[in-house]
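Residue numbers (numbering that gives the first Met the number 0), protein chains in the order written: chain A, 0 to 308; chain B, 0 to 503; chain C, 0 to 349.
Hints listed in this document are in silico derivations from the structure and should not be mistaken for laboratory results.
C-beta: ideal position from N, C-alpha, C; glycine also.
Among these hints, one or two may not hold up.
[As the list claims (entries may be wrong)] Non-contacting residues of chain A with respect to chain B, defined by C-beta distances greater than 12 Å in every case (computed): (1) Tyr4; (2) Glu7; (3) Leu20; (4) Gln30; (5) Leu98; (6) Leu102; (7) Ala136; (8) Ser140; (9) Ile158; (10) Ala182; (11) Ser188; (12) Ser253; (13) Ser283; (14) Asp301.
[What the hints assert, rightly or not] Pairs of lysine-lysine residues, derived as DSBU-like cross-links and limited to a Cα-Cα distance of at most 30 Å, are as follows: (15) Lys116(B) x Lys5(B); (16) Lys385(B) x Lys325(C); (17) Lys3(A) x Lys486(B); (18) Lys481(B) x Lys251(B); (19) Lys481(B) x Lys385(B); (20) Lys247(B) x Lys481(B); (21) Lys247(B) x Lys5(B); (22) Lys325(C) x Lys228(A); (23) Lys481(B) x Lys311(B); (24) Lys5(B) x Lys184(B); (25) Lys133(A) x Lys3(A); (26) Lys339(B) x Lys201(A); (27) Lys311(B) x Lys184(B); (28) Lys325(C) x Lys5(B); (29) Lys247(B) x Lys184(B); (30) Lys201(A) x Lys228(A); (31) Lys116(B) x Lys201(A); (32) Lys116(B) x Lys247(B).
[As the list claims (entries may be wrong)] One side only, chain C facing chain B, incomplete, derived with CB under 7 Å: (33) Glu52; (34) Phe176; (35) Arg199; (36) Ala208; (37) Thr281.
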Amino acid sequence: MIRKYLREISVGVAYLVLLGLLAFKSPSFFQADNIRQLLVEIVPALVAAVGMTLVIITRQIDISIGSVFSLCAYIAALMAHQGVPVPLAFGTAIGCGALMGALNGLLIATLALPSIVVTLATMVIWQQALAWWKQGAPVASLPAGFHWFGLNQMAGQWIEAIIALLIFLAFATAMRYLAAGRAIYATGSDYEAARLAGIRPKLVTFNVFVLMGILTAAASILNAVIMEKVYPTSGDKLELRVIAAVVVGGVAISGGRGRLIGVLIGVALLGTIGRALIFLHARSEWGATIQGTIILLAVSSDALDRSRR
Amino acid sequence: MSNLLKLSDVTKSFAGVRALRGVCFGLSGGEVHALIGENGAGKSTLIRVVTGAHLADSGTLQIAGQTIIRNSPVISRSLGVAVIYQQPALFGDLTVAENIAIALEPRTAWRAIRWNKRRAMARELLARVGSDISPDAEVRQLSMPQQQLVEIAKALGADARIFIMDEPTASLSDREVEHLFGVIKSLRQRDAGIVYISHRLEEIERIADRVTVLRDGTRVATHPMSEINRAEMIRLMVGRESSAIFPKTQVKPGAAVLELQNVCCNSTGVHGIDLSVRAGEIVGLAGLVGAGRTELARVLFGLTPADTGRIKIQGRTVQIRSPRQAIDLGIACLPEDRRKHGVILEMPVAQNITLSSLPRVSMRGWLSFRRERLIAHALVDRLGVKTASLSSATGTLSGGNQQKVALARWLAIEPKLVILDEPTQGVDVGAKSEIHRLMGELAQRGIAILMISSELPEILGMCDRIAVMHGGTITSVLDREKATQEKILDLALGLSGRKEAVPA
Amino acid sequence: MTQNALNSVTMAGGRSGLMMRLLPMSQQLVVVVLLAIEIIIFSIVGRNFLTVENAFEVIRQNVEIGLLALALTPVIVAGGIDLSVGSLIALCAVVLGMSWQDWGLPLGVAVGVALLIGTAAGLLNGLLITRLGIAPLIVTLGSMSLFKGLAEGLMSGRAPFTHFSTWFNELGNRYLFGFLPEQVLIFVVAAIAFGLLLHRTTIGRTLVAIGFSFDGARYAGVPVCRRLLLVYCLSGLVAGLAAVIYVARVGEANAGAGRGYELYAITAVVLGGTSIFGGRGTVAGTLLALFAIGILRNGLRLADQPAELAGVLVGTLLIVAIIGNKLINQLTDLSAGRTLSIRRERGNPT
C-alpha cells in the first residue's frame with residue numbers, strides 16, 4: 000500500500016514540510032485572504048494539469064497548451080469587451096479550445112504523427128498568430144459580468160476553487176471507476192494490445208486531446224476572470240509548469256501509469272513555492288531554481304527506487 | 000462436429016508483397032488443427048485475418064457459420080474467437096485482474112468498474128490454468144511464462160469456441176506445457192476448436208488431429224495427423240527432403256577458453272557456477288525457462304557483471320564489467336530476443352554487421368566505408384544471408400536471415416568464445432540447419448561455443464557436453480554419450496542430481 | 000528456402016534498399032524545393048534580398064540558434080532531446096558577465112568559464128539521463144527550469160552586464176575581409192565538425208545505433224552511456240559558445256538571453272528531416288532547414304511583412320513536412336516486417 004502510493008506520500012510530505020516551515024517562520028501566510036489568493040493562483044494550472052495527466056497517461060504530450068490558453072482567454076475577453084454576453088463568450092472560448100485540441104488530436108491520432116512535434120508546431124502557430132493579430136495589446140475595460148463572474152472578489156475566489164475541485168474530482172473518479180478512464184490507461188500502456196482488446200486507441204487519443212483543449216480553455220477562463228486586463232501572453236510557459244507538476248505528481252512520461260491525486264499535490268507544491276518565498280523573505284527570482292530542483296529530485300528518486308527493486 | 004471456422008481463397012498482400020494467396024482453412028468443433036510452416040510462410044497473417052487484426056484483400060471468411068464481410072477484433076471476439084498470441088498482448092502497467100477483465104467486459108465507455116468482481120474473476124480463471132498469480136500483481140513484474148499463463152487465462156474466460164494459439168509453449172516450462180495440454184483436452188471435450196501453431200513438431204504429433212502446412216503464403220497440404228509423420232511435415236514445410244538435421248562434426252577439444260569458478264551474481268540469482276568450455280567444444284546449457292541460463296549469459300557478456308567468483312579467459316583471470324570489455328576479450332553473445340537485442344532492424348545489413356567491430360572498419364575513429372562493405376560482403380556470402388543489398392534495412396529480411404546477420408556481427412569480431420542464446424528459436428527449418436552447420440564450422444576452427452537451447456533434440460544433437468541448470472546454478476554436467484532427454488529433464492526439473500562438480 | 004520465397008525476399012529487399020538511401024533525403028528534398036521557392040519569391044518582392052551582404056546577414060542573425068540546432072542534431076539522432084539549451088544560454092551569459100565584472104577575471108578567461116559551465120551543465124543532464132535512466136524530456140525540462148532559475152537568481156535586482164571590451168564586441172559585429180561576419184566562421188567550423196562527427200566517425204555510427212535501438216546498441220557492445228554523456232556535454236558546450244556569441248553580438252549579458260531558442264532549434268532539426276524518435280537524421284538537413292527558416296524571416300522582413308507571419312509559416316511548414324515524410328514512408332514501407340517491428344516497440348527512454 001505504502002509502496003503503491005510512495006510518490007504521493009513523499010510529495011505530500013514535502014508539501015507539509017513547506018507548510019510547516021511557513022507556519023513557523025511566517026504565520027501570516029495562513030490568513031484566509033492569502034490562502035484564497037493562493038488557491039486562485041493554483042486553480043488554472045490544476046485544471047490544465049488534469050488534462051495534461053490524461054495526455055501523458057495516453058503516452059503523448061501537448062506543449063501547445065500555453066498558446067491555446069492565451070488564445071482562448073483572449074477570445075473570451077475580446078468578445079466580452081465587444082458586448083457579447085459573457086456566458087456566450089466563455090462558451091465560444093471553450094469551443095475554440097476544443098477545436099484546437101481536435102486539430103492536435105486529428106494530426107496525432109489519425110496520421111500517427113509524433114505529438115511532441117505536432118504540438119510544437121501548433122504552439123508556434125497559435126502564439127505567433129495571436130501576436131500578429133493584435134500586436135500584443137491587452138484587452139481592458141471588461142464588462143462587470145466578466146470579472147469574478149460578476150460576483151464580489153471573495154465569492155469569485157470560492158467559486159473558482161469549487162469549480163476546479165469539481166473538475167478534479169470528476170476526472171479522478173472517472174479515471175479509476177469508469178471504463179472510459181481505464182481505456183486511457185490501456186491505450187497508454189500498450190497501443191497495439193489496446194487495439195487487439197477492442198479498445199479504439201485512435202479514438203481514445205483523439206478524445207483525450209479534445210478534452211485537453213477544453214480543459215485548457217476552462218483553465219484560461221478561470222485565470223482571465225481574475226485579471227483587470229487580459230494579455231495575449233497569459234499562457235506563456237504554462238505547458239512547462241503543468242508538465243512539471245504532472246511529472247512531480249508521479250505520472251510516468253512513458254504512459255499508462257499515474258494518478259490524479261498525485262498531480263493535485265504536485266500542482267499544489269510547485270504552485271505554492273513562489274508565494275511562499277515572498278513570505279519567507281527570500282528573493283522570488285530563486286523560485287524557478289527551486290522548482291527545477293524539485294522536478295529533478297522527484298524524477299531521480301523514482302529512478303533510484305526502480306533500480307533498488 | 001460443427002463447422003466453426005472456414006476460410007476460402009483468402010488472399011492478403013502488404014503493399015505488393017503477397018503474404019497469403021488463395022488459402023483455404025477449416026476448423027471443426029472438438030478438433031485441434033495444427034498450422035505449421037517456416038517463418039514468413041503466412042501463419043501469423045492467417046491468424047490476423049481470422050481475428051480481424053488484418054483485413055483480407057479477397058476471399059471469404061466464415062466464423063461460426065456466419066460470413067464476415069468486414070472483420071475486426073471486436074466482431075471476431077463476439078463470435079467466440081479467442082487468441083493467445085506468441086508474445087503476450089498484455090498491458091504491462093495494469094494489474095493481472097484488469098488485463099483479464101478488459102478482454103472480457105463489455106466495451107462501453109460509460110460503464111462503472113467493479114474492482115472486486117474483476118479480482119474474483121481473475122483468481123478463478125488463473126486457477127483453471129493451474130496458477131496462483133495474484134490478481135493485483137502488475138503484469139510487467141511477471142515473468143514471461145507467467146504472462147503467457149495470464150494470456151491463456153484471458154482466452155479461457157472469453158467463453159470462446161475457437162481458440163487460436165500462436166506458439167503458446169514457446170516460453171513455457173515442460174510442466175506448464177503439460178498443464179496447457181490438459182486445458183486443451185478439456186476444451187476439446189467441450190466441443191471447442193483449437194488452431195495450434197508451433198515450431199515444435201513433437202508437440203503437434205502429440206495433440207493435433209489435423210495439420211495444415213503453409214509455404215510462401217500458399218497452403219501446401221492438409222492431412223489428418225494419423226496420415227503424416229514428422230519427416231513428411233518437414234518435407235512439406237521446406238519443399239525438399241531435410242538432410243541430416245544435426246550435422247555434428249567431431250572436433251578434438253583444445254585448451255580451455257572459458258573457466259568459471261564459483262561465479263555469483265546476486266541481482267539475477269545466478270550463483271555457484273563452475274564450468275569450463277574448451278576450444279572447439281560446444282557446451283550446451285539446458286534447463287527450464289527461469290533456471291538462470293540467459294542470466295548466466297548476461298553475466299559472461301558483462302550486462303550484469305558477476306559479484307564474486309573467478310572468470311578466466313584462456314587461462315587469464317579477467318573482470319567483465321561491460322559488453323565492450325567482453326568483446327575486447329573475444330566473447331560474442333547472440334542474444335535470445337533477436338528483434339530487440341540481436342539486430343537493429345532499421346539499420347542497413349552492412350552497418351549491423353560491423354557495429355561490434357567498428358575499430359576494424361575505421362582508422363582512429365574515422366569510418367572507412369570501403370572496408371565496411373568488404374567485411375560485410377564477405378560475411379554475407381559466407382553465411383548465405385539472402386538480402387538484396389548490403390544497404391537494405393535489416394528489418395526487411397526474414398527472421399532466419401536476420402538471425403544470420405546477427406551472427407555475422409559476432410563473426411566479424413573474430414571471437415574466441417561464442418555464446419548463443421536460443422540461436423534457432425523462431426527460425427525456419429532451412430536457416431536452422433544452416434546455423435547448425437555454421438556452429439560445426441566454428442568449432443572446427445577452434446572457437447569455443449556455449450549454447451543455450453530449450454529444444455532438447457538440438458542440445459543432444461549439437462553439444463559435446465551438456466550443463467543442466469536449475470534454480471540459478473549448474474546442477475550437473477553430462478557428457479554427450481551419457482545424456483538422454485529423460486536424464487536432462489529430470490535434472491532440469493530438479494528431481495535428481497545434487498551438485499556434482501565436474502568441471503572438465 | 001524455395002526459389003519463390005527467395006524472390007519475394009529479394010524484391011522486398013530491393014525496394015527498401017533503394018528507399019533506405021532515398022528516405023532520409025525525402026524531407027530534405029522538400030526543404031530544398033522550399034528554399035528555392037523562397038529565394039525566387041523574395042528576390043522578386045524584397046528589396047536588396049539577393050545580395051552577398053544579405054546572405055551573410057541571414058546567417059549572422061541565426062548563428063546562435065544555428066549552433067544549438069547543430070548540437071541538437073546528434074542528441075536527437077541518439078534518441079534524446081535537450082530542452083535546457085535556451086536556459087543554458089542565459090545562465091552562461093550571466094556567468095560570463097559576472098566572472099568578468101564581479102570577479103575581475105580577464106574577458107578571455109571569463110569566456111572559458113562560460114564554456115566550462117555550459118559543459119558542466121550538459122554533463123549534469125547526461126549523468127541524470129544515463130546513470131538514473133530518466134527520460135531526457137523530463138530531465139532537461141527540469142534542468143531548463145533550474146538553469147533559468149539560477150540565471151534569474153544571480154541577476155536578481157541588478158542591471159544587465161554591459162560595456163564589454165571592444166575586441167569582444169567585435170566578435171559579434173566585425174566583418175572579416177569586409178563581408179564575412181566573424182561568428183559565421185565559427186558556425187561554419189562547427190557545422191563541418193558536427194557533420195563529420197555524425198556521418199564519418201565511429202562515434203556517429205554508434206549514435207545512430209543508439210537512436211534506433213538503445214538495447215540493441217547495448218547488446219552490440221556500444222558504450223551507450225559514454226556516448227550519450229558525450230552528446231549532452233557537447234550540447235552544453237555549444238550552448239555556452241552560443242551564449243558568448245550572443246553577448247558579443249548584443250553587447251549585453253542578462254537572464255533573458257536565449258529565451259525560447261530551444262524550440263526554434265528543435266524546429267529546425269525536425270524540419271531538416273531528423274526523426275524525433277532517433278536514428279534518422281543528417282547535419283545537412285538541419286543546415287537546409289536553418290537556411291529555410293532564416294531566409295523566410297529575413298525575406299518577409301525585407302518585403303515589409305510582419306515577423307509573426309514567419310512564425311506561423313514555420314509552424315505550418317513543420318506540420319506539412321512531417322505529414323509529407325509520413326506519407327512517403329507509408330508509400331515506401333512495403334514489408335509487413337517493418338510494421339510488425341514497430342508494433343511491440345516500447346522504445347528507449349525518450
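Going through the numbered hints above, which ones does this structure break? Give me the numbers in ascending order. Per hint list: 10, 11, 12, 15, 17, 19, 21, 22, 25, 27, 28, 29, 30, 32, 33, 34, 37 violated.
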